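Respectively, the protein sequence lines represent chains R and Z. Its first residue numbered 82, the first sequence is counted upward by one per residue in my numbering. Its first residue numbered 270, the second sequence is counted upward by one per residue in my numbering.
Just so you know, these hints were derived from the structure itself, not from any lab. It cannot be assumed that every hint is accurate.
As the list claims (entries may be wrong) - Looking from chain Z toward chain R, a few residues come up when the C-beta cut is under 10 Å (computed):
id : residue
1  : Lys272
2  : Asn276
3  : Val297
4  : Gly301
5  : Gln307
6  : Gln330
7  : Pro333
8  : Ala334
9  : Asn352
On a predicted model such as this, the values are computed, not experimentally measured, just so you know. The C-beta atom is built at its ideal place from N, Cα and C for all residues, glycine as well.
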Amino acid sequence: MRALDAILCAPSLSTVRHMKKWFACLLVAFAAHANAAPSCTQFTPNAQWPVLTNQKMAAKARMLCYSDFAVMHSGITHGPLWSAEHLTRDHIEAAKDMVRTNKFFEDARLPDGEGATLADYKRSGFDRGHMSPAGNRWNRDAMAQSFSLANVVPQNRENNQRLWARIETSVRKIAMAYDDTYVVTGPMFSGQQLQTIGATRVFVPTQLFKVVYVPSRQLAFAVVVDNVSTNRYDIRTIHELEAASGIRFPGIPENLKDQRPGGLKGV
Amino acid sequence: MFKPYSNDDDVLNIQGDAMTVSNGTTRVVLNGTLELTQDQRGLKAALALKQAVDAIVAALQAHPALPAKVKEEPDAKPGVVDNPFQ
């Protein structure tokens with residue numbers, strides 16, 4: 082798979098406890114590189130990652146594994162193309178208790194010029210909008226890692242703080258109700274021209290999506306919002322989102338990809 | 270440790286991201302809804318919020334020449350690129 086030209090493991094944020102995991106991760110990365118299979122597949126259903134079907138998006142796409150989510154990063158947009166996570170009731174319960182001071186950071190695993198910089202976002206007028214949210218992270222390392230600029234996009238402030246926060250809360254409620262839930266969140270870039278921020282020219286998404294899959298309920302759907310100050314969200318089928326986003330979700334069974342639930346509770 | 274007005278990159282998360290206190294060199298922004306239940310979880314969150322607000326007040330009071338109103342710096346104008354994914 083051409084898009085997976087790099088498989089990078091989670092940075093070790095604390096030392097001793099994570100050394101073992103870090104080495105294991107490196108080994109997996111080398112092994113995976115040989116047969117082009119990605120690591121950290123526990124965050125995606127049936128161990129099948131989303132696939133970039135729009136080949137123009139595959140250039141400079143690199144996968145980054147973090148301790149409880151994974152990102153496909155683009156050196157073209159200078160941000161994530163998707164961010165995947167696996168939510169459980171226990172993890173959401175733990176996440177609700179988290180108190181931590183975090184810091185946005187540039188992921189050192191990305192080659193120079195591919196990632197966004199902290200300076201790009203400064204006085205950009207946009208929020209650093211998390212794709213896999215900080216509020217779903219169930220331990221301190223995972224929460225810290227979610228502040229990687231590889232996991233954020235320039236997001237309209239009001240959108241991030243209001244509508245998007247309610248959508249994230251609603252997805253947490255789904256995971257609390259049904260336990261095992263797979264979520265993929267990402268930006269969409271539509272139209273002939275795009276806005277950028279900063280010297281790196283980080284692309285500003287035109288829309289954001291969330292794909293939600295609950296195996297136990299045979300439930301799968303997508304939420305799409307425009308990246309503007311709005312209270313409107315649209316529920317899409319997975320097939321509709323695959324067509325609009327240029328990303329296919331092979332981990333979700335085909336027979337579930339035409340559902341369109343009515344809406345999200347509390348949004 | 271959350272040091273108000275010391276940088277633009279810290280975020281204090283309380284109860285996951287139910288409430289965030291985002292640091293900034295000219296402003297600190299509080300966002301969200303916190304449910305302070307009458308239990309240990311509520312106390313933990315209330316203390317975190319109190320510490321943050323106490324630190325904000327202390328930093329403002331310690332400022333040698335606190336202006337009546339901070340000077341607003343305008344946002345940078347966004348750039349434009351042709352969409353390479355079309």
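Hint check:
{"no.": "1", "hint": "Lys272", "verdict": "9 Å, holds"}
{"no.": "2", "hint": "Asn276", "verdict": "8 Å, holds"}
{"no.": "3", "hint": "Val297", "verdict": "12 Å, violated"}
{"no.": "4", "hint": "Gly301", "verdict": "7 Å, holds"}
{"no.": "5", "hint": "Gln307", "verdict": "16 Å, violated"}
{"no.": "6", "hint": "Gln330", "verdict": "21 Å, violated"}
{"no.": "7", "hint": "Pro333", "verdict": "25 Å, violated"}
{"no.": "8", "hint": "Ala334", "verdict": "23 Å, violated"}
{"no.": "9", "hint": "Asn352", "verdict": "5 Å, holds"}
The structure does not agree with the numbered hints 3, 5, 6, 7, 8 stated previously, though it agrees with the rest.
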